[in-house]
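Chains A and B, in that order, give the protein sequences.
Under the working numbering, read the first sequence as residues 1 to 113, first letter to last.
Under the working numbering, read the second sequence as residues 114 to 226, first letter to last.
Please keep in mind that the hints were generated in silico from the structure rather than gathered at the bench.
Given the structure is predicted, the values throughout are model-derived calculations rather than measurements.
Keep in mind that the hints are not guaranteed to be accurate.
Among chain B residues calculated to face chain A with C-beta under 7 Å, some are [unchecked claim]:
1. P121
2. G155
3. L158
4. E214
5. G218
All residues carry an ideal CB built from backbone N, CA and C; glycine is no exception.
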Amino acid sequence: AQSVTQLGSHVSVSEGALVLLRCNYSSSVPPYLFWYVQYPNQGLQLLLKYTSAATLVKGINGFEAEFKKSETSFHLTKPSAHMSDAAEYFCAVRRSGNTPLVFGKGTRLSVIA
Amino acid sequence: IAGITQAPTSQILAAGRRMTLRCTQDMRHNAMYWYRQDLGLGLRLIHYSNTAGTTGKGEVPDGYSVSRANTDDFPLTLASAVPSQTSVYFCASSDTRETGELFFGEGSRLTVL
Numbered sequence: 001a002q003s004v005t006q007l008g009s010h011v012s013v014s015e016g017a018l019v020l021l022r023c024n025y026s027s028s029v030p031p032y033l034f035w036y037v038q039y040p041n042q043g044l045q046l047l048l049k050y051t052s053a054a055t056l057v058k059g060i061n062g063f064e065a066e067f068k069k070s071e072t073s074f075h076l077t078k079p080s081a082h083m084s085d086a087a088e089y090f091c092a093v094r095r096s097g098n099t100p101l102v103f104g105k106g107t108r109l110s111v112i113a
Numbered sequence: 114i115a116g117i118t119q120a121p122t123s124q125i126l127a128a129g130r131r132m133t134l135r136c137t138q139d140m141r142h143n144a145m146y147w148y149r150q151d152l153g154l155g156l157r158l159i160h161y162s163n164t165a166g167t168t169g170k171g172e173v174p175d176g177y178s179v180s181r182a183n184t185d186d187f188p189l190t191l192a193s194a195v196p197s198q199t200s201v202y203f204c205a206s207s208d209t210r211e212t213g214e215l216f217f218g219e220g221s222r223l224t225v226l
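Generate the whole structure from the sequences, applying the supplied hints.
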C-alpha cells in the first residue's frame, strides 16, 4: 500500500529564508509524486509533479522538489520565502495513473516578517 | 472558466437529515473523487470513480454513497448525517490516461448539528 509521511505539521520561517518541507513516501513501484498548495478557504492547486522524467522538478511560484529514490523522499524547497507563501502544503503519491492519490497530512507554512 | 463546480459552498444540517453534495466538471476527465479534509488528518478519500458507471470505495466510505451516471457529475450523498461528518468536502477530477494529477473544486463546508 502507498503512504506519504510529511515531517512537521507546522513549519515557520522568516521572510527571505529557505523553505524546506519534507515528504517521504512508500511505494512498491516507481510512483508519481505531487505537491499541492492550499490557501485559506480555497481548494488545492498543483505546485509541481514528478512523473519519472527529470528528478529535479520545478514548479510554480519558485518552488522545486527533488525525487530521491534511495531516500524515498520528495522534499519541497524554495530559496527565499515570501509572505504570500504562507499556506498549507500537501504531498501526494500515486502508484499508477488509475489509482487514487494518497495524501500526506499536510504541513502548514508560516512566514514571519 | 473550465473546472470543477461544487454546491453548496456551505451548509448547516441537522443530524439524521439526508444531504447531497453536488459536483460537476467540464474538463471531460474520466476519473472523479470525493475527499474530506479534517484538521490534523489531511485529505482522506471517501469514494472515487474511474469512469462513468463505476465507483469505488476509498479510505473512509462509511455513511456516504456516490453515483456516476455520466462523465460530468459525481454527487456525494449522506443518507443520515451524523456530527462526525462535519468536515470540508472536496471534489476532484483527473485524466488517468496521463499523470493523473487532480483538479479540485473550492470545497463544501458541512456542519452537522
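Against the structure, the hints:
1. Checking P121(B) against chain A by beta carbon gives a least distance of about 15 Å; that is not within 7 Å, so the hint is violated.
2. With a least beta-carbon distance of about 4 Å to chain A, the hint placing G155(B) at the interface is held under the 7 Å criterion.
3. A distance limit of 7 Å between C-beta atoms decides the matter here; for L158(B) the minimum to chain A is near 5 Å, and the interface restraint holds.
4. At a threshold of 7 Å, the smallest CB-CB gap from E214(B) to chain A is about 6 Å, leaving the interface hint in force.
5. Evaluation of the G218(B) hint against chain A yields a held restraint, the C-beta minimum of about 6 Å falling below 7 Å.
Going down the numbered hints, you'll see the structure goes against just number 1.
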